[in-house]
Amino acid sequence: MNLMLVAPELTIAVTGLAVLLIGLFLPTDSKKILGYLASLGVLIALALTVSSLGTEALLFYNTVSIDALSQFFKIVFLVVALLFTIAGIKYTEGNSNTEEFFTLGLFATIGMMFVASANDLMVLFVAFELASLATYALAGFEKKNIKSLEAAMKYFIIGSLSAALMLLGISYVYGATGTTSIPEIAANSATLASSPIGIVAVVLLLAGFGFKIALVPFHMWAPDTYQGSPSVVSALLAAGSKKMGIVAALKVFVVALIALKADWQIAFAILAVITMTYGNVVALKQTSVKRMLAYSSLAQAGYITMAFVVLTPIALGGGIFYALSHGFMKAGAFIATAAVTYMVLSENKDSADPDHIENFRGLGKRMPITALCMTIFVFALAGIPLTAGYMSKFVLFSSTIQSGFVWLAVIAILNSAISLGYYAKIVKYMYFLPTDSEKVSEPFPYTIAMIIAAVGVLALGFWSEPFVHWAMEAASVLLTGGM
Amino acid sequence: MDSFTAITIAVFLPFVLAGILPAVAKLLKDKIGWYASATALLSLLMVAQVAPEIIHGETIQGTIEWLPSMGINLSFYADGLSIMFGFIVSGIGVIIMSYSNGYMSTKEDLPRYYQQLLFFMGSMLGMVFSANTIQLFIFWELTSITSFMLIGYWRNRPMSVYGATKSLLITASGGLFMLAGFLVLHAITGTFDIPTILHNESIREALQNHHLFIYALILIFIGAASKSAQGPFYIWLPNAMEAPTPVSAFLHSATMVKAGIYLIARIHPMFSGTEAWFILVSGVGIFTMLLAGFLAFRQTDIKGILAYSTISQLAYLMTMYGYTTHEEPGIGVAAATFHLLNHATFKACLFLVAGIVAHETATRDITKMGGLRKEMPITFIVATIGALSMAGIPPLNGFLSKEMFYEASVEMGHLLGGPYTILIPALAVLGGVFTFAYSIKLIDGIFLGKRPTKGLPEHIHDPSMVMLAPAIFLAGLIILFGLVPSIPVHNFIEPTVSGIILEEAHLHVKLWHGFTTSLMMTIATFILGILIYTQYDRIAEWQNRFNAMFPWISVNYYYDGAVNNAKDVTFKFSSRMQPGPVKNYVIAVLLLTLAMFAIPAMMLGTNLIPQNLNFDVPLYEALIFLFMIVAALGAALLPRYLPAIIALSGLGYLVALLFIYLQAPDLALTQVLVETLSTIIFLLALVKIPQKFKEHIPTTTLARDLIISVAVSVMIFILLINATQGIVAPFESLSYYFIEKSLALAGGHNIVNVIIVDFRGYDTLGEISVLCLAALGVYNLIHSRGEDE
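Just so you know, the sequences run in chain order P and D. The numbering of the first sequence is the numbering used here, which starts it at 1 and goes up by one. The numbering of the second sequence is the numbering used here, which starts it at 484 and goes up by one.
Same shape as in the complex, but just chain P:
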């Protein structure tokens, strides 16, 4: 077994432990170095993952698989982790618990990465829970902020319930097929497919993953949690953790339970339509930008879920590519919000709603870089051409129509039209509404993180070919059964 193949995960693990240990002996003032250390670790892991593209291998008694799919999603997670750690440098400034922040973030990343390469339901579940537990704690990182605590509590309770349902679903699958290995389940799923017991398993697993992907009605924690958590953590949740739910669902449904496709396809179709419509409509009248972004995340998850309905190689590739794009766009948008929140709080320490849309008024003048980046992110989320968001929607929607689901694509496009309403509102506040406040200096690490994300969004939009190609290769792993 070649340990180099799990080198990215090991790097992250070592970095996480090192940050925790070093943090013990540092005075609070010099803990800033930890953030740089964490970012460096993620960067190395990212480089290692990119250099291993194209490798295929099975590790740890076939429980972990390295293939195009796993590497693609690992890159998604590492990119989000990189944005998280860089933005975290500023966020944790002067905080005595800095090392916990980064260690938890890195551990969550390991969990996500192992979900991406899981070839066995047990590995998948354990990794899933690793990421979940770390993010539960991160959501409540601001121990003295009642909103942050509420966010963490709701997230944890609903999360535990879903984990229980998911585990029950996995037991059913194991009971009926005699294996927890994903490809073997696919090979032995005749028993499951022929009996209504299969539906029981699908129902339970859907409830479990629906929570993480935040599909309506399993979404209810998401707006509260995204709004209450620190913005940087919301970025990790919306951009990273949500994608983990998607890759897990892809592995479990599209690979392992493909024989039961008739049962879950219709469920996903209904959930996709409800989720995107609910998310977009409710987002229209949010005054908290973080909450608005949370509802927009619901909508985006609804679009991605369309891939489970259409199930052609292009649609799955489109969904996977969408996951990458959404990682950049949503993480960027939350980090931009973090920068605004930081500015508001440094002007007025007791501000109750630092992410209120009124605080974005005249941002084009006050924080030009932040405003420009935010514009790129919301335009991308709205699917305006030449951004990652447009390309993703294009690939996904066109494949949907191609396969004859014209109604689904039309609903999705109508939804995109609705979403213009609230995205345009943010731009309107930033550029068109006047403000008396002065220009302020923009917090440096936030700016770096935003620029990286914005470059990513534009690069994916302009120069999509290689990324779409990778996404298609990743999708082909799903359809060949992961064997």
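Hints are supplied without guarantee of correctness; some may be wrong.
[As the list claims (entries may be wrong)] Each computed DSSO-like pair below joins lysine-lysine, with the alpha-carbon atoms no more than 30 Å apart:
no.: 1; chain 1: P; residue 1: K261; chain 2: P; residue 2: K147
no.: 2; chain 1: P; residue 1: K439; chain 2: P; residue 2: K365
no.: 3; chain 1: D; residue 1: K1171; chain 2: P; residue 2: K147
no.: 4; chain 1: D; residue 1: K933; chain 2: D; residue 2: K590
no.: 5; chain 1: D; residue 1: K509; chain 2: P; residue 2: K365
no.: 6; chain 1: P; residue 1: K365; chain 2: D; residue 2: K514
no.: 7; chain 1: D; residue 1: K590; chain 2: D; residue 2: K937
no.: 8; chain 1: P; residue 1: K143; chain 2: P; residue 2: K349
no.: 9; chain 1: P; residue 1: K32; chain 2: P; residue 2: K144
no.: 10; chain 1: D; residue 1: K514; chain 2: P; residue 2: K439
no.: 11; chain 1: D; residue 1: K590; chain 2: D; residue 2: K514
no.: 12; chain 1: D; residue 1: K509; chain 2: P; residue 2: K144
no.: 13; chain 1: P; residue 1: K147; chain 2: D; residue 2: K514
no.: 14; chain 1: P; residue 1: K365; chain 2: D; residue 2: K937
[To be verified] Just so you have them, the derived chain P footprint on chain D, three or more residues with Cβ under 8 Å:
no.: 15; region: 549-556
no.: 16; region: 636-647
no.: 17; region: 657-666
no.: 18; region: 1080-1087
[As the list claims (entries may be wrong)] Pair ranges (Cβ atoms, derived):
no.: 19; chain 1: D; residue 1: L510; chain 2: P; residue 2: K144; range: 53 to 63 Å
no.: 20; chain 1: D; residue 1: D1241; chain 2: P; residue 2: V455; range: 47 to 57 Å
no.: 21; chain 1: D; residue 1: I697; chain 2: P; residue 2: P313; range: 21 to 31 Å
no.: 22; chain 1: D; residue 1: Y1220; chain 2: P; residue 2: I33; range: 44 to 54 Å
These are calculated hints, taken from the structure and not from any lab test. Where is the CB? At the ideal position from N, CA and C, for every residue including glycine.
Starting from the structure of chain P, add chain D where the hints point.
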């Protein structure tokens, strides 16, 4: 330079030069407008370079690879249609940007203004030369965004922001419908490439017979109608007049609003010849033409009149492009194309005049003006030429194309037969009558009559040549095209028409062509127009009264209602759906799971519970279970914390007892230890919280929660019984393996021990390291606590 390169440069040059514009602005200061005009001129020259080839009947196509795996590339296609638009866009661009040098005050943020104008021009050129639908969509949305920015140019005016948002919401959403239409088109034809569809008859035939044809048509038409302000989508254009006047002249009369017309012309060969095309395009066109022409009467703002006039004129074009029958798909194409060119000249000219008048008199309210002919003689002449051309007076170019419109209407009515023989020409004349009336109003209201005694500045005069020259140039074109129609017809109209009807076109347009039906119609138009004009103010008053009485008649009523109320509706919606307490969230998840569980439960029915339970329950085991149930109920129901916790730990110890009975003493030991520890922690925490449940729960809530809990418990119970007894596993349980192998392979009798230290030794190692990590965490906790104190 080959033609493809020339087109590529024409499209991208404005983007590149606009990109560096802020830097150049530091050098040129107030003269930056001339830099922008020069850029537009360069694009115009590039387009002009390609023109001769197109006039000879060739087409140009080229591709740069972009996203080959999806079949999308950056590709340009030039035929008569796109070249004519290319000329209009870059030509009017030069005129507008030169004019802006006089119009825009140097106090304004000029770099932003010109940069956005150039971005717009580039997007518009990109759109008309796009060879594939996706690229067309991208440039299309870029024009919507730049239009949004330009309408909202005066950021501090609330109406500007309102108009900008409205235009973006309507045109960009319309664009999304168009994209959906293009995707459907791709699903039918298998290609995004426009020329491929245009030049392949079998594809076009297959398209028209496909069952998705009507969806593609409707979706694309919604895009075109929203952009060209047709049908109910017209409402954004009047509000867009908040933009600086040169912007209105450029975007909202001459070019951007014609994008929808361009699209209709572009897809004409694919969709025309069908009834659906005629009903949709001409139907919406005629309706909009009459409505907007009529509503123009009410306007008192000069730009308002021009906006409604633009909507109405665009509707003429729609109507003409819509005239089609199966045998003769392109009845109105020549007339529409010629009128399109003419409208660009006279409407841009009139907007420039409106800008001049507003600039000099500091108002745009036509009721406050009059008698300006003496003070602004040149402006007066230019305005008269523009307005008379719009009214269709010979020998101006507007007369020629309106004659052609009447001719096509007569032909269409004749081909349809029945009442349509009269109806369609009559409606066309009615549209012409409205146009005539408001055109006269513009001249009469501003320049003729008496000068009002107050409200106008004392000294009003013609503006500088910077502003006047572009308007004079356009007026010159109006006369030239009217007197020598062969120039535009030969160079622009014929190549365009043959590009649309896909065969060689030879047109004979002459100023005098005998006493034809259409000439009679024109004369009728003039007579009726003068009659209506005498009642102009009365009609306007009646419209105001009517509108005040029935506000719901206006589309704006619904737009404002939707945009504002959408907020309230969603607020109510979300406050009901998003109640806050986490209990409700859990209930939602559980209920849905229950509901989904009902499907297999109903399918399986009683089979879900196995018939023969393979359980052998001795008496004292049953007793333990009974005690466990009692303890669990006690933990849930006891009113105080302390007894509840005792009941809970009692439950834990009973589980330990069960483990002992099941011959797992080590497990029982662990259970006892954990239970003891957690009881102690509970008791410690108890000290800090109130000793009594204070919350009062209403009976209904209690009943609801009870029902849900029981339902979920029953579900889980059934599931577990089913899982342990109902499913006959297709494989041997893992425990047999350990029973067989633990002595043979590891030499141990205690299977649990063997598993922990041998079979899964690595896992144990991992667990130990986890414990070490936990210890590290605890140490850190204690450490940080010390630091706080």
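A quick look at each hint next to the structure:
Note on K261 of chain P and K147 of chain P: the hinted pairing is violated, with a Cα-Cα distance of about 40 Å set against a maximum of 30 Å. The hinted pair formed by K439 of chain P and K365 of chain P meets the criterion: a straight-line CA distance of about 6 Å does not exceed 30 Å. Between the alpha carbons of K1171 of chain D and K147 of chain P the distance comes to roughly 22 Å, so the proposed pair stays at or under 30 Å and holds. For a cut-off of 30 Å, the pair hint linking K933 of chain D to K590 of chain D is broken: about 35 Å separates their Cα positions.
Pair hint K509 of chain D plus K365 of chain P holds up; C-alpha atoms about 19 Å apart against a cutoff of 30 Å. With a CA separation close to 25 Å, the supplied pair K365 of chain P and K514 of chain D stays within the 30 Å bound. Note on K590 of chain D and K937 of chain D: the hinted pairing holds, with a Cα-Cα distance of about 29 Å set against a maximum of 30 Å. As the CA atoms of K143 of chain P and K349 of chain P are separated by approximately 16 Å, the hinted pair is consistent with the 30 Å bound.
Of the pairs offered as hints, the one joining K32 of chain P and K144 of chain P holds, with about 21 Å between alpha carbons and a cut-off of 30 Å not exceeded. Taking the CA atoms of K514 of chain D and K439 of chain P, the gap is near 28 Å; set against the 30 Å cutoff, the hint holds. The suggested pairing of K590 of chain D with K514 of chain D holds, with an alpha-carbon distance near 12 Å, which does not exceed 30 Å. A C-alpha spacing of about 50 Å is found between K509 of chain D and K144 of chain P, which places the hinted pair above 30 Å, so the restraint is violated.
Proximity of K147 of chain P to K514 of chain D is assessed by CA-CA distance (about 54 Å); at most 30 Å being required, the pair is judged violated. At most 30 Å may separate the alpha-carbon atoms for a hinted pair to count; K365 of chain P and K937 of chain D exceed this at roughly 41 Å. With 5 residues having a Cβ less than 8 Å from any Cβ of chain P, the region 549-556 of chain D passes the three-residue criterion, so the hint holds. Here the region 636-647 of chain D counts 5 residues with a CB under 8 Å from a CB of chain P, which clears the bar of 3, and the coverage holds.
Coverage of the region 657-666 of chain D by chain P holds in this model, with 5 residues showing a Cβ closer than 8 Å to a Cβ of that chain against a need of three. Here's how the region 1080-1087 of chain D fares: 5 of its residues keep a CB closer than 8 Å to some CB of chain P, so the rule of at least three is met and the hint holds. With their beta carbons about 54 Å apart, L510 of chain D and K144 of chain P fall inside the hinted range of 53 to 63 Å. For the pair D1241 of chain D and V455 of chain P, the supplied restraint of 47 to 57 Å holds, since their beta-carbon distance comes to about 53 Å.
Our hint of 21 to 31 Å for I697 of chain D and P313 of chain P holds, since their Cβ atoms are close to 29 Å apart. The hinted window of 44 to 54 Å between Y1220 of chain D and I33 of chain P holds, with their beta carbons roughly 51 Å apart.
Violation of the numbered hints given earlier is confined to hints 1, 4, 12, 13, 14; the remaining hints are satisfied by the structure.
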